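Heads up: the first sequence at position 253 corresponds to 289 in the working numbering, and the numbers run straight through without jumps.
Since the hints were derived computationally from the structure, they do not count as laboratory data. A quick note: this is a predicted structure, and the numbers were derived from the prediction, not measured. Note that CB positions come from ideal geometry on N, CA and C, so glycine has one too. Please note that the accuracy of each hint is not assured.
If you anchor each label on the Cβ, the simulated ranges turn out as follows [to be verified]:
{"no.": "1", "residue 1": "E256", "residue 2": "G134", "range": "40 to 46 angstroms"}
{"no.": "2", "residue 1": "D41", "residue 2": "A620", "range": "42 to 48 angstroms"}
{"no.": "3", "residue 1": "D628", "residue 2": "S836", "range": "49 to 55 angstroms"}
{"no.": "4", "residue 1": "D697", "residue 2": "V450", "range": "52 to 58 angstroms"}
{"no.": "5", "residue 1": "A485", "residue 2": "M364", "range": "34 to 40 angstroms"}
{"no.": "6", "residue 1": "Q643", "residue 2": "D493", "range": "31 to 37 angstroms"}
{"no.": "7", "residue 1": "A665", "residue 2": "V450", "range": "34 to 40 angstroms"}
{"no.": "8", "residue 1": "A640", "residue 2": "D493", "range": "43 to 49 angstroms"}
{"no.": "9", "residue 1": "V873", "residue 2": "P398", "range": "46 to 52 angstroms"}
{"no.": "10", "residue 1": "E256", "residue 2": "G831", "range": "40 to 46 angstroms"}
{"no.": "11", "residue 1": "I871", "residue 2": "E715", "range": "49 to 55 angstroms"}
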Amino acid sequence: MARFDHQGAERRWQAAWDSAQSFKAHDDSPKPKAYVLEMFPYPSGRIHMGHVRNYAMGDVIARTRRAQGFEVLHPMGWDAFGMPAENAAMERGVHPGGWTRANIAAMRAQLKALGFALDWSRELATCEPEYYGQEQALFLDLLAAGLIYRKDSAVNWDPVDMTVLANEQVIDGRGWRSGAVVERRRLSQWFLKITDFADELLSGLETLEKWPEKVRLMQENWIGKSQGLRFTFAVDGADTPFDVFTTRPDTLYGASFAALAPDHPIAQALAETSPGLTAFIAECRAGGTATADIEGAEKKGWDTGLSVVHPLDPARRLPLFVANFVLMDYGTGAIFGCPAHDQRDLDFARKYALSVTRVVAPEGAADDPVQDEAYTGPGRLVNSHWLNGMEVEPAKAAVIARAEAEGWGEGTTVWRLRDWGVSRQRYWGTPIPIIHCDGCGAVPVPRAALPVVLPEDVTFDVPGNPLARHPSWKHVPCPACGKPAMRETDTLDTFVDSSWYFIRFASAPADRPFDPAVVAKWLPVGQYIGGVEHAILHLLYARFWTRALAHIGQLQVTEPFAGLFTQGMVTHETYSRDRGEGQAPLWYAPEDVERSSTAALLKADGQPVEVGRVIKMSKSKKNVIDPDAIISRYGADAVRWFMLSDSPPERDLAWSEAGIDGAWRFVQRVWRLAESAAESTGDAASDPALDPALARLVARTIDGVTTDIDRLQFNKAVARLYELTNAVERATPGASHRSAVKTLLQLAAPMVPHLAEQGWAALGEAGLICDAPWPVADPALLVEAQVTIAVQINGKLRDSFEADRGADRAIIEALALGREKVVRALEGKPPRKVIVVPDRLVNLVA
RNA sequence: GCGGACGUGGCGAAACUGGUAGACGCAGCAGACUUAAAAUCUGCUUCUCUUUCAUGGGAGUGCGGGUUCAAGCCCCGCCGUCCGCACCA
37 MARFDHQGAE
47 RRWQAAWDSA
57 QSFKAHDDSP
67 KPKAYVLEMF
77 PYPSGRIHMG
87 HVRNYAMGDV
97 IARTRRAQGF
107 EVLHPMGWDA
117 FGMPAENAAM
127 ERGVHPGGWT
137 RANIAAMRAQ
147 LKALGFALDW
157 SRELATCEPE
167 YYGQEQALFL
177 DLLAAGLIYR
187 KDSAVNWDPV
197 DMTVLANEQV
207 IDGRGWRSGA
217 VVERRRLSQW
227 FLKITDFADE
237 LLSGLETLEK
247 WPEKVRLMQE
257 NWIGKSQGLR
267 FTFAVDGADT
277 PFDVFTTRPD
287 TLYGASFAAL
297 APDHPIAQAL
307 AETSPGLTAF
317 IAECRAGGTA
327 TADIEGAEKK
337 GWDTGLSVVH
347 PLDPARRLPL
357 FVANFVLMDY
367 GTGAIFGCPA
377 HDQRDLDFAR
387 KYALSVTRVV
397 APEGAADDPV
407 QDEAYTGPGR
417 LVNSHWLNGM
427 EVEPAKAAVI
437 ARAEAEGWGE
447 GTTVWRLRDW
457 GVSRQRYWGT
467 PIPIIHCDGC
477 GAVPVPRAAL
487 PVVLPEDVTF
497 DVPGNPLARH
507 PSWKHVPCPA
517 CGKPAMRETD
527 TLDTFVDSSW
537 YFIRFASAPA
547 DRPFDPAVVA
557 KWLPVGQYIG
567 GVEHAILHLL
577 YARFWTRALA
587 HIGQLQVTEP
597 FAGLFTQGMV
607 THETYSRDRG
617 EGQAPLWYAP
627 EDVERSSTAA
637 LLKADGQPVE
647 VGRVIKMSKS
657 KKNVIDPDAI
667 ISRYGADAVR
677 WFMLSDSPPE
687 RDLAWSEAGI
697 DGAWRFVQRV
707 WRLAESAAES
717 TGDAASDPAL
727 DPALARLVAR
737 TIDGVTTDID
747 RLQFNKAVAR
757 LYELTNAVER
767 ATPGASHRSA
777 VKTLLQLAAP
787 MVPHLAEQGW
797 AALGEAGLIC
807 DAPWPVADPA
817 LLVEAQVTIA
827 VQINGKLRDS
837 FEADRGADRA
847 IIEALALGRE
857 KVVRALEGKP
867 PRKVIVVPDR
877 LVNLVA
């Protein structure tokens, strides 16, 4: 019997699917629609195992839905703009476009080699004008709708690379590439009004029942809704009132100071006449702007010498500080400090010897002084005049009501979510379709002039934005007045590109971004699959973009992804050798290491290497397995099977040689079964020995695998298919056997499609297995006639016996009491109590 | 600090609504086939006790308690690991 020839099968069936256009999605199909989508890859150059796992999962869903009679949209594309292409350009002198397109070609070939059921006719790349030109049109639509605005904003500026850095790219106050000390600069940038949708984006989460709870919580925290009081402090002897925000208006009588953020306009104004304050503000900025080295950071303040008027007690004055822990971009950039009930305020008050007055006390603790820990629990108000005796929540409401009545404040909601700054001073992105004119201001590029195409002739030999220094590209006449004007040279954040690609997959006309009627047939995406790393930004931006388009009447859906699944990473053990103290260890790639179950030896010298933790595959630790080599050696099906086996899909999966070997063995076993079943010509008539146990197992497997796939529990589906395979191998050849093999192939087809097609053909079945309808379990076979009843005595298992399903309680009880072991254990005494769970167990309490 | 998830054999993991813990895979051990090896197949594989080696007894799902006829699953209190956010007023 021949081995399964995976290379032959892959060539043959991929060609067959291609020529039959099996996976093309038809907009006008009368079938129910299913949109299955995996997060599209960045074309870095090569597919990695994480992609294979992600797409293998999506493929199982897509193929299963298809077999179940759905018209399936399962597309693929490329998130093709971004920094790595520019880095490659700077390092290797290649053009970002050429580099990116070559990577796409290579990765497309890799994906095709895996035999995914994708509709390649809908492939898109965000770096092509056909895509980003339509994005520019959408940008102008949102601009016209007032959802985009321009604002001066502080950015992290790398003076060497002459570029803006994201917060994550600033490490210890220095640029991650150049190492230069990062400056804060103010630049005029474009913002999307995501905060207009904060409330909707928050409440919309509740409708996303098929999203992981974890992701919904992360988004909820990110949006960060806080309700409280915004009120005005008058500054004693100065005409500069300012607002503060608090979630604890109930603690207002416990206030002992007020504080401004170092960037607060009043602090800035005061600094102009105070060198000391100027120095203090500079000191505050020196600390890490973004990275969380704030942890142990000391609370520091600068006493302005001014004081503010307590709004509830105009006779009282509170000292006004500038403090390092007050953030300009949250709330109003100013706070009142209530040390007794806020830990930061307490630390600050202790340092500057400010008073600490308890105003909330739990039962019987009214006079307990606050020590080192601020009290944030429930209780009643004390030391608070007219509020005394109230609970916290009513007290909050009472203070807000009074502030509103007296006109010095109002109840309000503050969001952590900020508007989305989308300007990037980069070349390899979507040009922002705006022309700046001295007379007319920022003028949108006329629709007829779209797309604004990136110039090809750019250089990367000097730092900075190549678009800005291109000799001619930016010089254009103003569309409004015709005078010389300048193009915007900033490009859009690449998160914009990925905020609507799933819409363009559904409908991609040449003359507009999408056809709403066609989009309505496909959206929302039924099942979206990707890594948790996109749990917040990408998913929030895509949700926002969808809502924004719905808001301006272009879409009907408000939530783009009905179902979301975040899959775990592919990990691998690491191999290293210590190089002595002070030196980083030396890492070795898996292909350079001979791994047995007990030892790991370096092939080069035969000496042992240390086997380290199983961690995410990464270049720096060299624990990367390249899918190409594995596919050609073991075949696409074995790789796909392994990616779905063993670990639950949301958890990490450890790659191992033994694991892929096991997957390969499974493929061979199924192939042997298919071949032997093909040889035996048994049919029901000539096979007197129909195997009822096998038939029942087949039914149970159909039922179980279908539910497992539905719930994305691929590891369980895999286990069931192993079980069925084991049983079929043991069964005698004949009609039941042959039919079991056929069903096995159908159930395994979404996971190992080439093998399934090859087996299907070997069995002489007509057509392609991918076109065969999904098997349905015979309900009669799902119910076992006999059940095993467990017998417990005092909750401990003592015996078990077979009984008819649905047998009467009394019969079960009698059978149990008659068991030899039970008689022996009870020593003739009757049980004190008998619990019978029908069809399951009997528990005798002695 | 805040929020969340998880903790089950040598390993990855199953276990439905509280009802026979360890399905399935990996690794391992023993055997069959073979001149031999590979491949394949068969069996065993949570720990432990015993003058009865069994169709036997005991223990066992991070730790300590509790509820229940019955707890991996529910409740209370710890410990540990991982993830997200992080001076958010």
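Checked hints:
Roughly 43 angstroms separates the CB atoms of E256 and G134, a value that falls within the hinted 40 to 46 angstroms. Take D41 and A620: their Cβ atoms lie about 45 angstroms apart, and the range 42 to 48 angstroms holds. At about 53 angstroms, the beta-carbon gap between D628 and S836 stays in the expected band of 49 to 55 angstroms. The supplied range of 52 to 58 angstroms is met by D697 and V450, whose beta-carbon atoms lie about 57 angstroms from each other.
A beta carbon spacing of about 39 angstroms between A485 and M364 agrees with the range 34 to 40 angstroms that was offered as a hint. With their beta carbons about 54 angstroms apart, Q643 and D493 fall outside the hinted range of 31 to 37 angstroms. Distance hint for A665 and V450: a CB-CB separation of about 54 angstroms, inconsistent with the stated range 34 to 40 angstroms. The hint said 43 to 49 angstroms for the Cβ distance between A640 and D493, and at roughly 47 angstroms that hint holds.
Our hint of 46 to 52 angstroms for V873 and P398 holds, since their Cβ atoms are close to 47 angstroms apart. E256 and G831 have their C-beta atoms about 43 angstroms apart, which keeps the hinted 40 to 46 angstroms range intact. Between I871 and E715 the CB atoms are about 53 angstroms apart, so this pair conforms to the stated range of 49 to 55 angstroms.
Comparing the model with each numbered hint stated earlier shows that hints 6, 7 do not hold.
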